[in-house]
Amino acid sequence: MSGTTSKSGTAAPLSEGGAAPRRVGGGSSGPVRSERRRRLYRWDLKWSPYAFVAPFFVFFLAFGLFPLLYTGWASLHQVELTAPNDMEWIGLRNFSRLMEDEFFWNALRNTLTIGVLSTVPQLLIALGIAHLLNYKLRGSMFFRVAILTPYATSVAAATLVFVMLFGRDIGMINWALGQVGFGPVDWENGKWTSQLAVSTIVVWRWTGYNALIYLAAMQAIPNDLYESAALDGATRWQQFVHVTIPSLRPTILFTVVVSTIGATQLFGEPLLFNRGGGASGGANHQFQTLGLYLYEQGWVNLHLGRASAIAWTMFLILLLIGAVNWLVGRRLRKSS
Amino acid sequence: MTTLTPADRVAPQAPPAPRKGRRGKARAGKHLHGGKFTYAVLIVFTVISLFPLVWTAIAASRDNHRLAQNPPPFWFGGNLFKNLEIAWTDANMGTALLNTAIVAGSITVGTVVFSTLAGFAFAKLRFRFKNILLLLVIGTMMVPPQLSVVPLYMMVAKLQWTDQLQAVILPTLVSAFGVFFMRQYLIGALPTELIEAARVDGASSMRIVWHVVFPAARPAMAVLGMLTFVMAWNDFFWPIIALTQNGSPTVQVALTGLGRGYIPDQSVIMAGALLGTLPLLAVFVLFGKQIVGGIMQGAVKG
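Chains as they are written, first to last, in our numbering: chain A, 3 to 338; chain B, 1481 to 1782.
Quick caveat, the hints were computed from the structure, so don't treat them as lab data. Any given hint could turn out to be false.
[As the list claims (entries may be wrong)] In silico DSS-like cross-links for lysine-lysine, where the CA-CA straight-line distance does not exceed 30 Å:
hint	chain 1	residue 1	chain 2	residue 2
1	B	1516	B	1769
2	B	1610	A	48
3	B	1769	A	138
4	A	48	B	1604
5	A	138	B	1516
Next comes chain A alone, as it looks inside the complex:
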């Protein structure tokens, strides 16, 4: 472990500087030994905290911070996947070309609509389910585990199944729609239908997870709040609106931020929903997200510089969303 190396590394210079107390200790070996132990103890106290946090920061610097900054550097260059070491400085041209690229704007729009289509229902349903789970129930643990099971399913496996369920001619969903008199829907090729289908996969995988987070927050609400509301004559619905929701505000904001970040990065679902393969997000790019567009530019078209520019643009969008969230949160806090 790196803990021992960094400790012994710092021990050497200190032991030279610490020669002075030895004179005070005199000749006998007893005080010298205890002095040495005391010094060891002090080094230990001083340096081991750094040793304990070191592994995290070593890996973080190598595989987190350095790549992060290097992406910014690469976004100002023309770099091809075939020769990643040949970097030609082109300034902001990657960014300006992005702004002119209709596929970038298409991907941005799709990310936004799929994000709304998946995040809003996901969180609303989760809130409702959490409220129900908060009642005293038989088998409540069974329900909790069951609704969390989709979370254990991988993007790849889930999407493969949903591709079949959403099949046009033989899919379960169109079959069920047919039973109630609706014609078959071409889920993969329509713009809205394909986005709805991709969003469904996201909603399916994450609703239970969010419901548990809401449930945890609901159980932390003190009972007195409900009792005094009940004394004031509030119905259960009014209690839910005026006690539960306000108490959950920070948690709701937290889940909104987390799901928004997740929605911005959406990648696996649209990649695998496209059965023809490729990262185009359907024949007409109808469900190509920013994440998919980045992958297409970098690893299909081999333009790593442009891919880096897309990555930084995504980051800026996230910061923007974060700022808006923060402002909304502050507004809400003030108004309450």
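For this one, chain A is given, so just place chain B on it according to the hints.
Just chain B now, kept in the frame of chain A:
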């Protein structure tokens, strides 16, 4: 949202003298029993949650011919083991499962150990720059993986790690969430007096970690381990860039190959999806309760 109103009406009004929660904590709503409507909605939701998984198994047990007919099959056929075998050999699912186990196992051990060490330092030790460093840790949780994927790929290519498992393991070996999670847990769960007492007895920091911190952190370590394992097993974005289907893929990368018509047979694709999901389902059946508890605990503290 509208589904809530009827449930509320079913629930008895004005609770009779609220009982204390089981652990002495007052728990909102706990004294109210769910009505029939509550159970009905929850059962419907459970069915929706589990149906795609069950149907994966149904489709995997049929043959391609039956899957191409309308209506789709609702019950199991007899081809499950044949399809699993084809997926196992032709699509290399066996190797992929082994690779994923190695990757997810290493990432889990690394994340849990390093997070506990760092979390302990942030929770209980004093050192310079502690607050700045902690802020840095929390800040990194916001950075999307897309932002570092291009240079990571360049690094991996330069080190000639493409298609090797360390390309997937090393960049994910530590987790900011893990550090934060352990810190929050240890602040409350590890009495500072215990550390001071050990210091008075002359224990070194390493000894304290081994004999005091690890035992105190064990419940949180288990939860973090399970969450990390699920996440690492399902990781998709980076593995599909760093690994290929023909090299040493993880299950997720292998499944991508199946989905893209590597294997044209639908029932075999579903058998592969089933193989990739089963290990985690087993983890869920065994530890579901603890995972649920961990997510809820992390939610309140985070």
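Hint by hint, here is what the structure shows:
1. B/1516 with B/1769: Holds: residue 1516 of chain B and residue 1769 of chain B sit about 24 Å apart, inside 30 Å.
2. B/1610 with A/48: holds, 12 Å
3. B/1769 with A/138: holds, 17 Å
4. A/48 with B/1604: Holds - the C-alpha atoms of residue 1604 of chain B and residue 48 of chain A are around 13 Å apart, at most 30 Å.
5. A/138 with B/1516: holds, 12 Å
Hint violations for this structure: none, all hints satisfied.
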